[in-house]
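J.: Line by line, the protein sequences give chains A, B and C. If you count the first sequence from 1, you need to add 80 to reach my numbering. If you count the second sequence from 1, you need to add 80 to reach my numbering. If you count the third sequence from 1, you need to add 80 to reach my numbering.
Please keep in mind that the hints were generated in silico from the structure rather than gathered at the bench. Quick caveat, the model's predicted, so the values are computed rather than measured.
Which copy? The list can't say, so a pair holds if one copy fits it or any two copies do.
Cross-link-like lysine-lysine pairs, in silico, DSS-like; alpha carbons within 25 Å at most:
(1) K121 / K284
(2) K359 / K481
(3) K377 / K491
(4) K453 / K359
(5) K377 / K315
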Amino acid sequence: MTQGQEMYQWACELFPITRSITGPGVRETLHYFKNILPDLKIHEVPTGYNAFDWEVPKEWEIKEAYIENENGQRLIDFDNNNLHVVGYSVPIDKWIPKEELLNYIYTLPEQPDAIPYVTSYYKERWGFCMTHNQKETLKEGKYHVVIKSSLKKGVLNYADLVIPGKTDKEILFSTYICHPSMANNELSGPVLATALANYLTKQKDLRYTYRFVFVPETIGSIVYLSKHINQLKEKVIAGFVLTCVGDERVWSFMPSRKDGTMTDKVSRYVLEDNAIDYKDYSFLQRGSDERQYCSPKVDLPVASIMRSKYGTYLEYHTSDDNLELITPTGLEESFNIYQKVIQVIENNFKPIVSFPCEPQLGKRGLYPDLSIKGGATYVKNMMDILAYSDGTLDLINLFRKTGVDFEEGFKIVNTLMKQGVISKIDI
Amino acid sequence: MTQGQEMYQWACELFPITRSITGPGVRETLHYFKNILPDLKIHEVPTGYNAFDWEVPKEWEIKEAYIENENGQRLIDFDNNNLHVVGYSVPIDKWIPKEELLNYIYTLPEQPDAIPYVTSYYKERWGFCMTHNQKETLKEGKYHVVIKSSLKKGVLNYADLVIPGKTDKEILFSTYICHPSMANNELSGPVLATALANYLTKQKDLRYTYRFVFVPETIGSIVYLSKHINQLKEKVIAGFVLTCVGDERVWSFMPSRKDGTMTDKVSRYVLEDNAIDYKDYSFLQRGSDERQYCSPKVDLPVASIMRSKYGTYLEYHTSDDNLELITPTGLEESFNIYQKVIQVIENNFKPIVSFPCEPQLGKRGLYPDLSIKGGATYVKNMMDILAYSDGTLDLINLFRKTGVDFEEGFKIVNTLMKQGVISKIDI
Amino acid sequence: MTQGQEMYQWACELFPITRSITGPGVRETLHYFKNILPDLKIHEVPTGYNAFDWEVPKEWEIKEAYIENENGQRLIDFDNNNLHVVGYSVPIDKWIPKEELLNYIYTLPEQPDAIPYVTSYYKERWGFCMTHNQKETLKEGKYHVVIKSSLKKGVLNYADLVIPGKTDKEILFSTYICHPSMANNELSGPVLATALANYLTKQKDLRYTYRFVFVPETIGSIVYLSKHINQLKEKVIAGFVLTCVGDERVWSFMPSRKDGTMTDKVSRYVLEDNAIDYKDYSFLQRGSDERQYCSPKVDLPVASIMRSKYGTYLEYHTSDDNLELITPTGLEESFNIYQKVIQVIENNFKPIVSFPCEPQLGKRGLYPDLSIKGGATYVKNMMDILAYSDGTLDLINLFRKTGVDFEEGFKIVNTLMKQGVISKIDI
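Turn these sequences into a full structure, and let the hints guide you.
T.: Here's what the structure looks like:
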């Protein structure tokens, strides 16, 4: 099974679970990942916990929900699609006439066949979601609206995993596990996070420490930051929110708030070095947990490489964001890109020549011993890399400057290091 | 009466006065403004006063001037238009033949119906100005040239007015009162200065101190600088030469010498925020008292927002620059723009969020309590302003970054300050 | 005789000499220049001398070389063209069949009438060069290959000349004397170096010290650097590799590695101020001794103004790079450009006004005493130069800013200095 197929299978198994920002669905999801990543640590904070300007809400649980007509037919049933209920709906069980029912029904008139994803975490209400076409067929009469849910003091769950490297400087990956049955946004992020963590766990001699964070969006990342902000600000040198990484459409990049961080530089470099055409968004188009990680008094270097960015594709936040939208290939390509990002971060440094003037490459068998018009590209690349190995440029800037691609450039740099002609300055 | 009508009326009453760099016309003009601005202080320095590289010249007075032909007809008469005499002409009274007369007559062959504005402050000579068409009709014969003027030791007058604010940091407005009967260049500047000073005098709780300076161009600003240079260099944080602000043609901007000062930034921002198309000149096209205020060892942050810039419009420095060229509307629009400039300067600061992560706007009634696809621009603007309120951007940069206009942005910022979500860092 | 004709004559006399990186041809060439520049100092280092990563090779001498066929006819003869033998060929004298001979013959199939220039300094081999057309006519049979050469312990020669100025800050000119009978690349550089040194020797009151260096390419500049690196790094503020300066085709500029040095700035300014269209190369297209002078741990501000750049013209490194390719006019134009470069370097400084506000130029006869619409460009240029004489801009930046050309601008600056209106800040 390919890496992409494995990730896709995880997504299939996780898809039906009713996740929200709290509740049993979150715990079930986190335990699923813990089966794959035994060192994953699952945490909880209680309802009422204060995180900066926020307070953890009550825990929500839902058992059953439907709308029944006078003939006893269930028009919609939570068991068929957990998007049918507004997230965090309070319990209800009564008969109401059609005109009253309409106040509690949410649809998307412009996408009449899709059920919208609606939540109301911080105001107690109840409601149902259905396709606009179904709403149009509702007849006069009474309807039995039933939501068997509870909102009680409980906990908010999240999980993290730290994979230690030689230095305690960290690369952060954060993803969110609060979306019910939707695939690109958002099961693709958690399954990619799991695959990357699994991959890194197996690597030896990692240079950097890697931190994976699984949180409910917004409230979860705020809670996590409230507990770890000083450590993260001290240690994190690059970070990513993993989201919308499962389809096969155009690549997208969301830079960090200040842009120009190592995260931004490596991300764009990897995309360009792999000749990937991508849409380079502004932070003004942000929309996930970079809102918290990049907020002014946090300001971590967090960005996102995505496929179809949240908020930009038709299926977003509807029942159409399903397992047909994401593919094993799409997931695998995202895995590969992030793997390259990790390789560049792990292997980047600033080379510096060992002595003044060009080295005599001829005596090392690295230079043609006969001088005649014309010359090999490999030699030209090697000489260009030497010419700019002045200790001020990291490999990314060096390869951008000389036009050499990462793979060839890295081979040349290694050859030159073995020959003692250049040495490393750590970044 | 609108502000524009009032300014236009002042211009009409001042138009006939024979102003020059010294003399009774200057004093009459300054006293006219003192009637409107009782706190205006009128100053004088004597002939021979040394200001840096310059010396105040003799005071010039003129009573009468004309050219008479052999039939006793007056071909031109100073009483009809004070541009007919070269400024600072020495007295003359003699009969001369046509061929000699022509040496003393100045015209504009390319604008044959306009009388040019000509001066000779620093070399003693006499001369007349007339339309080129009139010159072409001069017949052979003798002409009686009469200028009843005097050049004597006297004084050079100027005036200033300081309107105190909470801080002694100053905003400087300078204008010049040495042009005889011309309207856009230059009665528009002095009447706008007077209107703005009048407006500011009535404001309470001004943040900055405002200094208005009325001087003859060049020699006057040099004299003023020679007396106040240290104070101005210490206090002035923004400044404007008010000139050519009376017509309704294209807007113009003359930046300060070094550009990039607060004056330049606020000026361009106000023009752009009000969707005003304008011509952005280089300091190489300068031509008024910014020549002195921005000179290397003075270097005040002085710029000009103008309508038709001096030197660029056909009527400039001729009898066609008259009361038909300027309008109440043109004057009022200039008043409004400078008023906005003042408002932006007065209200600008750097906002900073009060805590890490986004604030919970929902509990403050500032965020929708239901989450569904799509969202209001107002909320997006508020979130963007918060995202960039990191204490490094002033409101101008913040609003440029987020694309929010000043009026809406300032309302949002005030709302967020009242909620304690952001606070002020003074500039 | 013009300067260009004199340089061309030197080139003609030097052309036949068999130069290489070592040997009697180098010494003969250096002694030729010493006849013109009596203060030129000729130096030597022995075979085996270590310079950074390099070792000086054996000295090469060649007396005779030819290929003879069975009929006793010499197909090629070193006496006709010294390019016929691969540089640094070891001795050989034997009869070999055609098929073996072909292994030792170098041609340029794409330039079938040209003899290529081939060397093998650091690997002992022997070989012949001929036109491709001649090679095609070789018949089956035996050939007598004869090279009467020697590779022995000896010396590597180079020369330098230091012309002292008021300051010990240096302007470096380096050129190379290791090419046998080729003209643009490379006799043009050495003859231009000689002409410039000759010119500077005759100047009085030079501001800067000038250093001329004549070395074999690569190994010579590395040896020179190994002996003088600290001094050069401390003293050299601008430098040039003189090469490819003899033809009349497009101008070329090779910037220093870091670009933006004084050398780069002055070079481009002189080219542009003289309205010379030129190709601005990247350091990635480098190819001469700037490879050493600009290498990371040397990093001197060394660039090249050239005509047809090495490696870009068809005749390069072939027998077609001969005395027809270079011309007295081409050499003279290069001399003139470098002379202007020297003049700009010698005369550059930062002007600063002597007092606040504009000076009163009228009382100095430098400003029109009558003010009327329109004005002279000369006055505008003078006022613009004054406006930006704030002590931060050198003449290059000042003239770029104001759009005044060097000749006129320099006259204005001198006039203003004589009037005491501006003064000098040394760079």
